[in-house]
Amino acid sequence: MKKGVLAVPLFWRIFALNAVVLAAATALLLWAPVTVSVPVVFTEALVLLGGLAVMLVANAVLLQVGLAPLDRLTRRMATVDLLRPGQRLPVARQGGVSQLIRAFNDMLARLEAERAASSTRALSAQEAERRRIAQELHDEVGQSLTAVLLELKRAAERVENADLRADLRHAQETTRESLDEVRRLARRLRPGVLEDLGLVSALTALATELSTHTGLAISHSFQPGLPALDEQTELVIYRVAQEGLTNVARHADATHVEMSLRHSDGVVGLRIRDDGRGLGLAHEGAGIRGMRERALLVGATLDLGASPTGGAEVNLLVPLNRNGA
Numbered sequence: 001m002k003k004g005v006l007a008v009p010l011f012w013r014i015f016a017l018n019a020v021v022l023a024a025a026t027a028l029l030l031w032a033p034v035t036v037s038v039p040v041v042f043t044e045a046l047v048l049l050g051g052l053a054v055m056l057v058a059n060a061v062l063l064q065v066g067l068a069p070l071d072r073l074t075r076r077m078a079t080v081d082l083l084r085p086g087q088r089l090p091v092a093r094q095g096g097v098s099q100l101i102r103a104f105n106d107m108l109a110r111l112e113a114e115r116a117a118s119s120t121r122a123l124s125a126q127e128a129e130r131r132r133i134a135q136e137l138h139d140e141v142g143q144s145l146t147a148v149l150l151e152l153k154r155a156a157e158r159v160e161n162a163d164l165r166a167d168l169r170h171a172q173e174t175t176r177e178s179l180d181e182v183r184r185l186a187r188r189l190r191p192g193v194l195e196d197l198g199l200v201s202a203l204t205a206l207a208t209e210l211s212t213h214t215g216l217a218i219s220h221s222f223q224p225g226l227p228a229l230d231e232q233t234e235l236v237i238y239r240v241a242q243e244g245l246t247n248v249a250r251h252a253d254a255t256h257v258e259m260s261l262r263h264s265d266g267v268v269g270l271r272i273r274d275d276g277r278g279l280g281l282a283h284e285g286a287g288i289r290g291m292r293e294r295a296l297l298v299g300a301t302l303d304l305g306a307s308p309t310g311g312a313e314v315n316l317l318v319p320l321n322r323n324g325a
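Residue numbers (our numbering): 1 to 325.
To be clear, the hints were calculated from the coordinates, so they are not data collected in a lab.
We put the CB at the ideal spot given by N, CA and C, even for glycine.
Since no wrong hints were added, every one of them can be taken at face value.
Derived lysine to any residue pairs resembling SDA-like cross-links, with alpha carbons at most 25 Å apart:
#	residue 1	residue 2
1	Lys153	Gly142
2	Lys153	Arg183
3	Lys153	Val182
Have a look at the derived ranges for each label pair, beta carbon to beta carbon:
#	residue 1	residue 2	range
4	Val20	Gly287	52 to 58 Å
5	Asp106	Ala78	15 to 21 Å
6	Pro227	Val91	36 to 42 Å
7	Arg289	His256	22 to 28 Å
Let the hints inform the model, and build the full structure from the sequences given.
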């Protein structure tokens, strides 16, 4: 409809559809060579019932055409997910339904912006809290366990009883394992290697540590010449890789995982592929939704699907035109 022409409200559109059906029925009764007797004979009743059926079918078809935009709007409202931005309905013309669809699209845009802003604040606070806890684990718990380890070592050297010395040695080993576990947790909470050595070194250390801790075979390949990324983008890629590998180790029953980092055409892509049991009909849990929220922070897209090896595949695509290279 051209600009300047008054839009027809939905009420008058439905009224016009029904008026067309009734007008057609009236014309049929006026010009059709059919009369109604008293009492009604069978052939006359058959003609009237046939005309009624035709009118009902025509009315149903016309209403379905007129209300189809509302059906599309209802389905989209039931399936919309703010973690998958850009889900908009096309607005083809003016009118009451088109105004409703346009308002729904505007509402989605506002909700996506508000969700992105709140996710940014929440994840920033989460990272700050992780750094604080990691620092306390390193400074307080780590130093205390180190002191206990040294005391046990000196006590074991002074004790002459062989059985007691063996017990102290066992306590020393247990303390050393606890200290290693505390350090491992601190590294997971605050990846210092990411800040000191960069993304590639951090991903390599993550794969090596997880493989050693879980026994899962993890192979990785990183394309040379990776563009320089800002701190937030590197942290998002690292956290997505960390969560993806952790999910494979916990839930996939896989024996081998492939992790790769590529860049081309202004996009940096992280891919994690395993040979486990795949996604199946499982619903997305908090871990996957957390990865989607992190992806939104840098304008990236996260896709999950089946891998050629029979397991699951995670693909994170980060556009460089948003974050710069």
